[in-house]
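Enquirer: So the sequence lines, in the order shown, correspond to chains A, B and C. Residue 1 is where the first sequence starts when you use the working numbering, and the numbers rise one by one after that. Residue 1001 is where the second sequence starts when you use the working numbering, and the numbers rise one by one after that. Residue 2001 is where the third sequence starts when you use the working numbering, and the numbers rise one by one after that.
Errors might be hidden in some of the hints.
Taking beta-carbon pairs under 7 Å as the criterion, some of the chain B residues facing chain C (in silico) [said to hold, decoys possible]:
1. Leu1036
2. Thr1038
3. Arg1040
4. Asp1280
5. Gly1307
6. Ala1308
Computed from the model, here is a short list of chain C residues facing chain B with C-beta under 7 Å [stated by the list, open to error]:
7. Leu2068
8. Asp2071
9. Asp2072
10. Leu2073
11. Pro2077
12. Leu2078
13. Arg2121
14. Val2125
Everything labelled a hint here was simulated from the structure, so no lab data went into it. Built from N, CA and C at the ideal position, the CB exists for glycine as well.
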Amino acid sequence: MTDYLLDGGVLADGKAVQVLIKDGLINQIESVVSTLGATNLQKISINGCIILPGFVDLHTHLREPGREDSETVESGSRAAAKGGFTAVSAMANTFPVADTAGVVEQVYALGQATGLCDVFPIGAVTQGLGGTALAELGAMADSKARVRIFSDDGNCVFDPMVMRRALEYVKKFDGVIAQHAQDPHLTKDAQMNEGLISSKLGLKGWPAVAEESIIARDVLLADHVQSRLHVCHVTSAGGVDIIRWAKARGIQVSAEVTPHHLLLTDDLAESYDPIYKVNPPLRTQRDVMALREGLADGTIDIVATDHAPHPAENKECEWQAASFGMLGLETALSIVQATMIDTAMMSWGDLAMRMSTSPARIGGYADHGQGLKIGSTAHLTIVNPTRAWKVDRDLVASRSRNTPYHGMEFPGSVVATFYRGIPTVLDAKLESATHGN
Amino acid sequence: MRHLLSTSDLTYTQAIRILDTAAEMARISEGPVKKLPTLRGRTIVNLFFEDSTRTRISFEAAAKRLSADVINFSAKGSSASKGESLKDTAQTLQAMGADAVILRHSASGAAQRLANSHWTSGSVINAGDGTHEHPTQALLDAFTIRQHLRVGTGDLRGLTIAIVGDILHSRVARSDVHLLSLLGAQVILVAPPTLLPIGASTWPVQISYDFDSVLPLVDAVMMLRVQQERMSDFFFPTAREYSHYYGLNADRLKKMKPTAIIMHPGPMNRGLEITAECADSARSVILEQVTNGVSVRMAVLYLLLAGAPSEDGEITQ
Amino acid sequence: MSVALPAVDIARALTRIAHEILERNGGPDSIVLMGIPTRGAFLASRLAALIAGIEGREIPVGTLDITLHRDDLRLRPLRALVPTMTPLGGIEGRNVVLVDDVLFSGRTIRAALDALGEMGRPKTVQLAALVDRGHRELPIRADYVGKNLPTSKGQAVKVHLSEIDGVDEVLVENVEV
Ligand SMILES: [Zn+2]
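With the sequences and hints as input, model every part of the structure.
Expert: Here's what the structure looks like:
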């Protein structure tokens, strides 16, 4: 096994260090490390770059099994590595749905075989995402995939009794229900944020209250049954307020925001280009600012990508006929830097917390999110905050091209990713070899 | 002007020019010669993804009077009703050399999507897109109002026009609001709160829930079609209650100015939003709207297609 | 660029045409002047004034926008339509004199004949042009010509009238081919 010496980088707090990766573990972090005993040592210069713990995504649509035309575990893993992720969480809305031990073990095994990052499956809450009968949550938890996060994402667990039972049931193995908060009755055929823009465009509105009312109900349920709730992709100022209130009451709720909801607003729909069609929808500038504040003050715990690949034909059509969703893995870091760090709302340490430590804790991914701890597995993400780049949809690692950021320029990039002590990305390019078992 | 997608894209000058051109078209249409060589050799496609016989026929008549070749393409009901078919169909029409596509679609924004895509290079005319806009309907409404209340020239300054009914789902209402206010009219939207879009108060309109209080103020009332299925979505309790508060009937007719006119984009639900008595009264200009529709569409086709292609599409004298 | 017809010559030519029209039609009674916009309409008004000066009474004048009747619109920039004004008393059974500034290919006049057809059925249709520059593409000729101006196809003839251009003159320009 090759050992690595990272030279010329800084920690999140700005301290200049060398890092020695030995036998896949973080061996030393010192201003000058001792390389005695290192074998096959490769020195990597990362002048001016920031060394962060490997990013963990709690919300990734990898589409396998069933929609391999848009993404596979392999292509999604490549996109993840390129974006600095060392672990992703594969959403359950595949075909078949990940609602049995068999499917989650298959996805987990595909991830291990690819070997570019850990792929932790999320199990469905209800059978077939149908919202009525609980899936075998225990069997998925006990499977080789060790599922701890359960979500019907794409659908809301709308029946309050089903939601209550799910929250209660997962306490047995310290699981968490990740809710896609969307009242289906208030959002029938909804296309975009309900507001001035939707009224003008004649697109059916998706009111923020459809999200907020479910969040409010669910935090009260989580409180009542003393269980853990995770709120997927919060989009509205009102949602942030409710979560802030719940946390102040000591309710065990965590929440995520997507990069696109930190950056983009509903007026982009004026082009009627469905590249901006996403569930939940882009909201207003006021909501964007509330989400940034919520992420900065910790009300929102983490950034999660909701990476949602779609084939071209699902976007090259009229808005109503298009699929919801946009790519996220490869641009996440750049957007969080642009919206949170470069605006002085967050430090790099905060970013490490929101993109590594906290998501790993919520998902129970013990091998990840350990920070830069001596002796822990060397999952590292190296960021060059001044290496600007322009997004090109033709150059993405994902199998799909539905990025809304095509042509946009961002201030910083992921230049290297280490997964289990092995570089999956160097010099901002994917390492060609697959290091799986 | 290369496309006509929305009345909100029109400048005052462009709007007046379309109406003035339509007036010339109307004058010619009254004469014995029904066919002009103006657009000879041009191919115009009526691409209808949604049924609307009256709109299609109106565009077809307009195109034929100007000697354009017209191809009718009804995508409704074919396998092509979903999604990507708009692209496929547009590319097919492009290959056939369409100079203009008149698009009717149930999806809001379909016309804009087509115009901004590389799927076709021709002009795109929006003949109604979902619940977004229906610009030629608004133009014929403005034209009709101008004929009756403004001696057929100039703008609509000083006039008060009520648009009554299902504003939320009405593409006609959106187009009318932009155009009539652009031309200087005061627009009052009259509807139950459930049928007004969120944020309509930021539009250049007044809003009223009370039809009766508005009636004496208006120079024209535009009654919108109310679809029966709105009841099942709780927009109003019953058809009877809707008619009671928002239907135009003989009693309400008496409260209007003697000069005020009654309009309806059709097709009408007689007995729901308008009684037969009102629809057929001397104050009704509903059939004239249909006639004017052809002149307005001739004007739009002329202005979009008659000249040599130029960068800015501006008009020379 | 050269001045082919200065203001004084234009005035003289119009006066002559006014007399010729009266002579040919045996007096003013049956005459209707129809100007083809833009400049033909101004010329028609001037001829009407000249005839009124000679005869001491007004004759009917109208305008005829022929844009929609052209079949060569694709070759030139889009034109705004100019309202057509039917002369008082119409054209039915009258001797209609079409008035245009320059007679060239004859296509404008062909379109004008079509346009006139929608308005009614005149007894005769005659044509007055300030300038005839030749190069006819249709069997059309003018009954009254201000000046025959032999030109090549590479030249452009521009008529300026004081009503719209501030000055009366006819220019011949060599344009690049
Ligand atoms: Zn979701």
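Enquirer: Hold the hint about Arg1040 (chain B) up to the distance rule: shortest CB distance to chain C must be less than 7 Å.
Expert: This interface hint holds because 5 Å falls under the 7 Å limit.
Enquirer: Please verify that hint: Val2125 (chain C), Cβ, nearest Cβ of chain B, below 7 Å or not.
Expert: Violated. Min distance 16 Å.
Enquirer: Holds or violated: is the Cβ of Thr1038 (chain B) closer than 7 Å to a Cβ in chain C?
Expert: With a minimum Cβ separation of about 5 Å from chain C (threshold 7 Å), the hint on Thr1038 (chain B) holds.
Enquirer: Would the hint on Leu2073 (chain C) be counted as holding, given a Cβ-Cβ threshold of 7 Å to chain B?
Expert: 5 Å, holds
Enquirer: Under 7 Å, Cβ to Cβ, is where Gly1307 (chain B) needs to be relative to chain C, so tell me if that hint holds or is violated.
Expert: 3 Å, holds
Enquirer: Would you check whether Asp1280 (chain B) satisfies its interface hint, that is, whether its CB is within less than 7 Å of any CB in chain C?
Expert: Since chain C brings no Cβ nearer than about 32 Å to Asp1280 (chain B), farther than 7 Å, the hint is violated.
Enquirer: Is the hint on Arg2121 (chain C) kept, meaning its closest Cβ partner in chain B is under 7 Å away?
Expert: Since the shortest Cβ distance to chain B is 10 Å, the answer is violated.
Enquirer: Holds or violated: Ala1308 (chain B) as interface residue toward chain C, Cβ cutoff 7 Å?
Expert: 6 Å, holds
Enquirer: Would the hint on Leu2068 (chain C) be counted as holding, given a Cβ-Cβ threshold of 7 Å to chain B?
Expert: Cβ of Leu2068 (chain C) sits 5 Å from chain B, so the hint holds.
Enquirer: Take the shortest C-beta to C-beta distance between Asp2072 (chain C) and chain B; is it under 7 Å?
Expert: 9 Å, violated
Enquirer: Is the hint on Leu1036 (chain B) kept, meaning its closest Cβ partner in chain C is under 7 Å away?
Expert: With a minimum Cβ separation of about 5 Å from chain C (threshold 7 Å), the hint on Leu1036 (chain B) holds.
Enquirer: Is the interface hint satisfied for Pro2077 (chain C)? The criterion is a beta-carbon contact with chain B at less than 7 Å.
Expert: 4 Å, holds
Hint compliance for this structure: hints 4, 9, 13, 14 are broken, all remaining hints hold.
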